[in-house]
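Trainee: Given only the sequences and the hints, what does the whole structure look like? Please build it.
Protein chains: 2
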Amino acid sequence: MRFEIIARSPDSAARAGIFHTPHGPIETPAFMPVGTQATVKGLLPADMAPIRPQCVLSNAYHLATRPGAPMVARRGGLHAFMRWDGPMLTDSGGYQVFSLSSLRQVDDRGVTIASHLNGRRRRFTPASVVKIEEQIGADIIMPLDVCIGPDASRSDTEQALERTYAWALRAAAAQRRSDQALFAIVQGGMAPDLRAQAARALAAEPFPGFAIGGLSVGEPREITDRLVALTAAELPSDRPRYLMGVGEPDQLLAYAAAGVDLFDCVLPTRLGRTGYAYVSGGKLNVSRAVLRAERGPLDPNCSCATCARYSRAYLHHLVRAGEPLAARLLSLHNVAYLVELLRSFRKALMAGASAEPRSPRRCLVPSPGGALRTG
Amino acid sequence: MRFEIIARSPDSAARAGIFHTPHGPIETPAFMPVGTQATVKGLLPADMAPIRPQCVLSNAYHLATRPGAPMVARRGGLHAFMRWDGPMLTDSGGYQVFSLSSLRQVDDRGVTIASHLNGRRRRFTPASVVKIEEQIGADIIMPLDVCIGPDASRSDTEQALERTYAWALRAAAAQRRSDQALFAIVQGGMAPDLRAQAARALAAEPFPGFAIGGLSVGEPREITDRLVALTAAELPSDRPRYLMGVGEPDQLLAYAAAGVDLFDCVLPTRLGRTGYAYVSGGKLNVSRAVLRAERGPLDPNCSCATCARYSRAYLHHLVRAGEPLAARLLSLHNVAYLVELLRSFRKALMAGASAEPRSPRRCLVPSPGGALRTG
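In order, the protein sequences belong to chains A and B. Per this note's numbering, the very first residue in the first sequence carries number 1; after that it's consecutive. Per this note's numbering, the very first residue in the second sequence carries number 1; after that it's consecutive.
A couple of the hints might just be wrong.
Said to hold, decoys possible - Here chain A is said to cover these stretches of chain B; the calculated rule only asks that three of the stretch's residues, wherever they fall, bring their Cβ under 8 Å from a Cβ of chain A:
| # | stretch |
| --- | --- |
| 1 | 289-302 |
| 2 | 314-321 |
Unchecked claim - Ranges between beta-carbon positions, derived for each pair:
| # | chain 1 | residue 1 | chain 2 | residue 2 | range |
| --- | --- | --- | --- | --- | --- |
| 3 | B | Asp11 | A | Ala289 | 55 to 61 Å |
| 4 | B | Ser287 | A | Ala308 | 34 to 40 Å |
| 5 | B | Asp107 | A | Arg295 | 37 to 43 Å |
| 6 | B | Gly68 | A | Ala308 | 24 to 30 Å |
| 7 | A | Gly76 | B | Leu103 | 29 to 35 Å |
| 8 | B | Asn301 | A | Thr274 | 37 to 43 Å |
| 9 | B | Leu253 | A | Ser178 | 54 to 60 Å |
Don't read these hints as lab results, they were simulated from the structure. Glycine residues also receive a C-beta, built at the ideal position from the N, C-alpha and C atoms.
Mentor: Now the structure itself:
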């Protein structure tokens, strides 16, 4: 799986790339909607097709717990199960293993936890998680990592990053399928030197891409900014960089400028379910009385199906009435908003980038149709 | 607004008709999905377009309470507000006035109730409800009626049907718009003679259609069967008959055979939200473990988007995982199931009916494309 960089910003570390996967190209920088349980909450692949997200996420821990990875495999894999034919990525569930279960035992070889659904104890190791992800069948897979809280001690942080490093290598050794890209995850808590150390150690290994984990977990924004920039700079420039779980619009733009290529976050659908919409300049509380009579769309600059068809007055009514359509229409808009934000960033970058030598066969403009994302 | 009967069954009171409205023809018998608050719960007009429901319901009381009928009018009326361009019908909300509010005072001229949302007292009269429905702008509108429980006394039943009769005439007198068909509602409780009396009294008036209200409210099925057949037989055969709030599949077929033309019910979406699907032969509890590995669709005879794309295993997973997509995909299937049930009934009726004289210009087969239902 090849990553091409087709343009670089003359002013920042930003770049435009194409990561080629068995289910089509991922044009970066890109925002990836999150479909934790084999569905982006409330949205069908057919709803998302016009938005053209480059990649959709799911979660190995969640799917292993329900309906079970062998079950997904028997239904033809995750793409067939949820009917999304574009590129997909599974997070290992390292974060969920550490956040959802109150009962867990970590040792050098893996983690034993009680299921958040039924309390049944289950062992996860780097190798067993790769096996799960091979059954699920996403294009990009993440290894089991050790997640810590923002207040972890230095020694806990060191132990976590060492285990995360060792587990990434063990995951790579366990990999059997050659059609999945196994990324490595950079941890290192809030300590800049440990972040750099973790990034450098993994950068020396032949992973096809790298993720930055454990950020945006409650730390001040300046810390996030600094650690993202520092970590991205330590990672090989010829491989994609994926910042996990960060999705505020201004952060997407800032971190794309710092050289991050891939982003995911549950915020657009979570905000949609709670009655909020991204608009130019901020978030709109759609239940506010001032929207009651507004005939215009959520955002006049947005071309999503919600903005193309429905007035603020109607959406306000749906939110106030507690109708399920409210969550759906707002989620659709919010996902479209973030996808389009980075698509525009990429377009501007490609229009403005000129200093880099380029091969003539490389495409300078994203094709209008993009890949066919739904089957 | 003209009602054409284009075929009659040789074996029953069933007929196939076309009710012409300003937003297109309603081919009867037809099941009408319910969009109480200006949305069929969880479904967009675009989702319903392939199902081709002949008419969609909404509710004048609910819309008058929120967002308010003048607000709907200012947004261009209900069709524009919710973006459904096909025929629509508003129930007056007589049923809601009597079921949702614990504080109500009924007199000969109308009813005063405390809003179920904010407790504010509001007066509804036959004329004020027609005014609300003219602001909302559906193609078929229902007059304010007096609803009673299944255990009402004979004298209460008599008073209710007398008021309902008087209010229907007052509603007709208050009507200003000529592009809406005001039906009359037959009440009469569980007493066959009062039902017949109510039907006969209204049948003598020039209403363009008649509804049968106050049934399927808890009475035994044999009583419903008998009262539907009896009431339908008393109503003019040249005008459409609408049975309010009845939606069990076998009842739709039985009552279409008794000469009912229009049906509505919240059941298909309510069942969808609680994890049930209509299938040939009954209702399927989609959360049952036996579905966990089933690769086939909900119903192999169904051509809805849910059945065309998603396995029982996936739908089972969505229901178990509590995902909003579950309610949406099951609701879509259930609405499609009932719409198709009566469409097939109509088709069979038209293929089998031969004894009736027909004008050569009348279409014997519903056009495959049907009317364009969404804009």
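Trainee: Using the C-beta atoms of A/Gly76 and B/Leu103, is the stated range 29 to 35 Å upheld?
Mentor: Given about 57 Å between the Cβ atoms, the range is violated.
Trainee: Please check whether B/Asp107 and A/Arg295 have a Cβ separation lying inside 37 to 43 Å.
Mentor: holds (39 Å)
Trainee: Please test the hint of 54 to 60 Å on the beta carbon pair from B/Leu253 and A/Ser178.
Mentor: Distance hint for B/Leu253, A/Ser178 holds at roughly 56 Å.
Trainee: Take a look at whether the Cβ-Cβ distance between B/Ser287 and A/Ala308 falls inside 34 to 40 Å.
Mentor: holds (36 Å)
Trainee: 55 to 61 Å was suggested as the range; check whether the CB atoms of B/Asp11 and A/Ala289 agree with it.
Mentor: Given range 55 to 61 Å: holds, Cβ gap about 58 Å.
Trainee: Is the hinted range of 37 to 43 Å satisfied by the C-beta distance from B/Asn301 to A/Thr274?
Mentor: At 39 Å between Cβs, range holds.
Trainee: Please count how many residues of the stretch 314-321 of chain B have a CB within 8 Å of a CB from chain A and say whether that reaches 3.
Mentor: n = 6 at 8 Å, threshold three: holds.
Trainee: Does the Cβ distance between B/Gly68 and A/Ala308 fall inside 24 to 30 Å?
Mentor: Given about 25 Å between the Cβ atoms, the range holds.
Trainee: If you count the residues of the stretch 289-302 of chain B with a beta-carbon closer than 8 Å to a beta-carbon of chain A, do you get 3 or more?
Mentor: holds (count 3)
Going down the numbered hints, you'll see the structure goes against just number 7.
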